[in-house]
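Just need the whole structure built from these sequences, with the hints factored in.
There are 2 protein chains.
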Amino acid sequence: MRYELYYWDGIQGRGEYVRLALEEAGADYVDVARGKGGQAKMTKLMQSGGTPSFAPPFLKAGKLLIGQTANILLYLGEKEGLAPKTEAGRLWTHQLQLTIADLVVEIHDTHHPIASGLYYEDQRPEAKRRAADFLAQRAPKYLGYFEQVLKANQPGKGKHLVGARATYADLSLFQIVAGLRYAFPKAMKKLERKFPLVAGVHDAVASRPRIRAYLDSPRRIPFNEMGIFRHYPELDAG
Amino acid sequence: MRYELYYWDGIQGRGEYVRLALEEAGADYVDVARGKGGQAKMTKLMQSGGTPSFAPPFLKAGKLLIGQTANILLYLGEKEGLAPKTEAGRLWTHQLQLTIADLVVEIHDTHHPIASGLYYEDQRPEAKRRAADFLAQRAPKYLGYFEQVLKANQPGKGKHLVGARATYADLSLFQIVAGLRYAFPKAMKKLERKFPLVAGVHDAVASRPRIRAYLDSPRRIPFNEMGIFRHYPELDAG
Numbered sequence: 040m041r042y043e044l045y046y047w048d049g050i051q052g053r054g055e056y057v058r059l060a061l062e063e064a065g066a067d068y069v070d071v072a073r074g075k076g077g078q079a080k081m082t083k084l085m086q087s088g089g090t091p092s093f094a095p096p097f098l099k100a101g102k103l104l105i106g107q108t109a110n111i112l113l114y115l116g117e118k119e120g121l122a123p124k125t126e127a128g129r130l131w132t133h134q135l136q137l138t139i140a141d142l143v144v145e146i147h148d149t150h151h152p153i154a155s156g157l158y159y160e161d162q163r164p165e166a167k168r169r170a171a172d173f174l175a176q177r178a179p180k181y182l183g184y185f186e187q188v189l190k191a192n193q194p195g196k197g198k199h200l201v202g203a204r205a206t207y208a209d210l211s212l213f214q215i216v217a218g219l220r221y222a223f224p225k226a227m228k229k230l231e232r233k234f235p236l237v238a239g240v241h242d243a244v245a246s247r248p249r250i251r252a253y254l255d256s257p258r259r260i261p262f263n264e265m266g267i268f269r270h271y272p273e274l275d276a277g
Numbered sequence: 040m041r042y043e044l045y046y047w048d049g050i051q052g053r054g055e056y057v058r059l060a061l062e063e064a065g066a067d068y069v070d071v072a073r074g075k076g077g078q079a080k081m082t083k084l085m086q087s088g089g090t091p092s093f094a095p096p097f098l099k100a101g102k103l104l105i106g107q108t109a110n111i112l113l114y115l116g117e118k119e120g121l122a123p124k125t126e127a128g129r130l131w132t133h134q135l136q137l138t139i140a141d142l143v144v145e146i147h148d149t150h151h152p153i154a155s156g157l158y159y160e161d162q163r164p165e166a167k168r169r170a171a172d173f174l175a176q177r178a179p180k181y182l183g184y185f186e187q188v189l190k191a192n193q194p195g196k197g198k199h200l201v202g203a204r205a206t207y208a209d210l211s212l213f214q215i216v217a218g219l220r221y222a223f224p225k226a227m228k229k230l231e232r233k234f235p236l237v238a239g240v241h242d243a244v245a246s247r248p249r250i251r252a253y254l255d256s257p258r259r260i261p262f263n264e265m266g267i268f269r270h271y272p273e274l275d276a277g
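Protein chains in written order, with the numbering used here: chain E, 40 to 277; chain Z, 40 to 277.
Any given hint might turn out to be false.
Which copy is meant is left open, because identical chains are indistinguishable; a pair holds if it fits in one copy or across any two.
Distance condition first, Cα-Cα at most 30 Å in a straight line; then the derived DSSO-like pairs of lysine-lysine [stated by the list, open to error]:
{"hint": "1", "residue 1": "K124", "residue 2": "K190"}
{"hint": "2", "residue 1": "K118", "residue 2": "K198"}
{"hint": "3", "residue 1": "K102", "residue 2": "K124"}
{"hint": "4", "residue 1": "K99", "residue 2": "K124"}
{"hint": "5", "residue 1": "K233", "residue 2": "K80"}
{"hint": "6", "residue 1": "K180", "residue 2": "K196"}
{"hint": "7", "residue 1": "K180", "residue 2": "K83"}
{"hint": "8", "residue 1": "K83", "residue 2": "K190"}
{"hint": "9", "residue 1": "K180", "residue 2": "K99"}
{"hint": "10", "residue 1": "K99", "residue 2": "K118"}
{"hint": "11", "residue 1": "K102", "residue 2": "K118"}
{"hint": "12", "residue 1": "K83", "residue 2": "K99"}
{"hint": "13", "residue 1": "K190", "residue 2": "K80"}
{"hint": "14", "residue 1": "K167", "residue 2": "K180"}
{"hint": "15", "residue 1": "K80", "residue 2": "K229"}
{"hint": "16", "residue 1": "K167", "residue 2": "K229"}
{"hint": "17", "residue 1": "K196", "residue 2": "K124"}
{"hint": "18", "residue 1": "K75", "residue 2": "K233"}
{"hint": "19", "residue 1": "K75", "residue 2": "K180"}
{"hint": "20", "residue 1": "K198", "residue 2": "K228"}
{"hint": "21", "residue 1": "K83", "residue 2": "K233"}
In case anyone wonders, no lab produced these hints; they're calculated from the structure.
Have a look at this one:
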C-alpha cells in the first residue's frame, strides 16, 4: 500500500513528524501537496469524505483518512513497528507524543502569541514577552521532563524514550531539538548542557541510516520563517 | 476495578473531559486529589513510576497509569463503550477529540496569551487582543467544523459526532459549549445561532440521565476564574 501524506508544501510544520515516521519505516508514500496540483487535491479531500480534517496533516492509508498528527503516528506506530505492541507501551508512547504536541503549540506561539492569522510583525512586542517566558520557564520544564523519562528508561539506556528501540516519540523529540536549535541557537546551547540525554536522542536519530538519507535528500524541506520553528534573533535569549 | 482519577482540586480544567466519560459510563472511580491528602498523593505519583505525566490529569487503571486527556479518553472509549469498536471509528473519534484539545488550548490562551505562569492581570491588554481574534476567527472556524461533521454524520442524524450513539467526543463537545457559554455569554449567543447542531449536542448530553445526575451533584465543580473557561466581561464580544 502506498500512503498518501497531505500537508502544506514549503514548510516542515506538523507534517514533519509524519514524514520522519514514514521515512524511518521505509514506507512507500507520496507527499501529495508537493506534487503538481497537489495543494488543490489536499484542500478538496480535507473537507470531503466521512472524516474531514480541521487542518493538515492527514494521511490516506487505503480506505482510512486519518487526521491529527499524533493520531496518524498512533496508527503508523502500530502498522510500521514504530511503537511497542503492548497496550501499556502503545499508550505510553502516545502520551509522550501528545506532550510533544503541546510543546509544539507553545513553540509556535512564541512568534504568534496573539493570532495565527496575523503576521509576526503585527505581534512582535507580545512575541518578545512570550518567547522570553518560553525560554526561561517552559522549554526547561518540557526538556527536563523528557530528560527524566530518558534517564528512568533503563531498557533504553538513556537513548530511547520508550523501551530498548526507537519509536516515533524519539523521532519527534529529534525534530524538537533540531527545530529549537534553529529557532533559538543561543538559548538552546545553554539548555542542551542541562539536558544531555535529550540532545543525545537528536544525534542518535540523525545518524540512523534512513533518517540520515532523508535529511540529506530534497524531501527534507529546510527550516524557514513560515514554519513552526522560526529564527527571529530578537526572540532568542543571549 | 476502581479507576483513580488524578487532577487538581477546585477546577474543572482538563480533568472534566475524563470525569464526564467516567460519569456517562457509570464507572467506579475516585477523584483522588479532591480527597484528604489527595493533592500530595497526586504530586508524588505524577513524578514516579515508569510513565510519569508532564501534567495532570492522569488515570490509574489497574496497573496502567495513563496521562494526557485525549489518551485517557482513547483508553476509556474502548474499555467503557464510549467509542466505536472498529479501527476507523476509534481513530476518527480520537481525531475529533484531539481537535477539541487544540481548541481547549486556544480558549485557555484567550486569558493567558503570554505566560501560563503569570496572572491574567499581568497580560490583560494582550488577552483582549487574543480573545477578540478568538471570537472573530477561531471559535467560528472550530464550531463550524464540528457543525459540518454533525451535519454529514447521517447515522447520527445531526445529534452525534460519530455514528448513531454518544461517544466521548460528544461529551467533550458538550463541555466546550457549556464552557464557552460561561466565558463568553454575549459572543456565544450569536455564535450558537450559526451552529445549531453543536448547541443541540450540548443540550442532548446535558439531559442524559447519568450526566444530568452528575451535573446536579457536588462532584461537578462550578466554573470559576481559575479554570480554562473564565468569565472576564471585558474579553467577551458584545
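Against the structure, the hints come out as follows:
Taking the shortest Cα distances, K124 and K190 sit within 30 Å of each other inside one copy (22 Å), while across copies they are farther apart (36 Å). Taking the shortest Cα distances, K118 and K198 sit within 30 Å of each other inside one copy (23 Å), while across copies they are farther apart (33 Å). In this assembly of identical chains, the alpha carbons of K102 and K124 lie at most 30 Å apart whether taken from the same copy (23 Å) or from different copies (17 Å). Taking the closest pair of Cα atoms, K99 and K124 come within 30 Å of each other both inside a single copy (22 Å) and across two copies (20 Å).
Within a single copy, K233 and K80 get their C-alpha atoms only as close as 45 Å, which misses the 30 Å cut-off; across copies the closest is 28 Å, which meets it. Proximity of K180 and K196 under a CA criterion of 30 Å is satisfied intra-copy only: 22 Å inside one chain copy versus 45 Å between copies. Taking the closest pair of Cα atoms, K180 and K83 come within 30 Å of each other only across two copies (17 Å); inside a single copy the shortest separation is 40 Å, beyond that limit. In this assembly of identical chains, K83 and K190 lie within 30 Å of each other by CA distance solely across copies; the values are 18 Å between and 45 Å within a copy.
In this assembly of identical chains, K180 and K99 lie within 30 Å of each other by CA distance solely across copies; the values are 24 Å between and 35 Å within a copy. Taking the shortest alpha-carbon separations for K99 and K118, both the intra-copy value of 13 Å and the inter-copy value of 27 Å come in at or below 30 Å. In the homo-oligomer, the alpha carbons of K102 and K118 lie at most 30 Å apart both inside one protomer (15 Å) and across protomers (25 Å), since each shortest distance falls under that limit. For the identical chains of this complex, K83 and K99 are intra-copy neighbours only, at 13 Å inside a copy versus 42 Å across copies, given an alpha-carbon limit of 30 Å.
Taking the closest pair of Cα atoms, K190 and K80 come within 30 Å of each other only across two copies (23 Å); inside a single copy the shortest separation is 44 Å, beyond that limit. Taking the shortest Cα distances, K167 and K180 sit within 30 Å of each other both inside one copy (19 Å) and across copies (27 Å). Within a single copy, K80 and K229 get their C-alpha atoms no closer than 44 Å, and across copies no closer than 34 Å, so neither meets the 30 Å cut-off. For the identical chains of this complex, K167 and K229 are intra-copy neighbours only, at 19 Å inside a copy versus 34 Å across copies, given an alpha-carbon limit of 30 Å.
For the identical chains of this complex, K196 and K124 are intra-copy neighbours only, at 20 Å inside a copy versus 37 Å across copies, given an alpha-carbon limit of 30 Å. When the C-alpha separation of K75 and K233 is checked against a cutoff of 30 Å, the pair qualifies neither within a copy, at 45 Å, nor between copies, at 37 Å. When the C-alpha separation of K75 and K180 is checked against a cutoff of 30 Å, the pair qualifies only between copies, where the shortest distance is 28 Å, while the shortest distance within a copy is 42 Å. For the homomeric pair K198 and K228, the shortest alpha-carbon distance inside one copy (20 Å) is at most 30 Å, but the shortest distance between copies (52 Å) is not.
In the homo-oligomer, the alpha carbons of K83 and K233 lie at most 30 Å apart only across protomers (23 Å), although the nearest pairing inside one protomer, at 46 Å, exceeds that limit.
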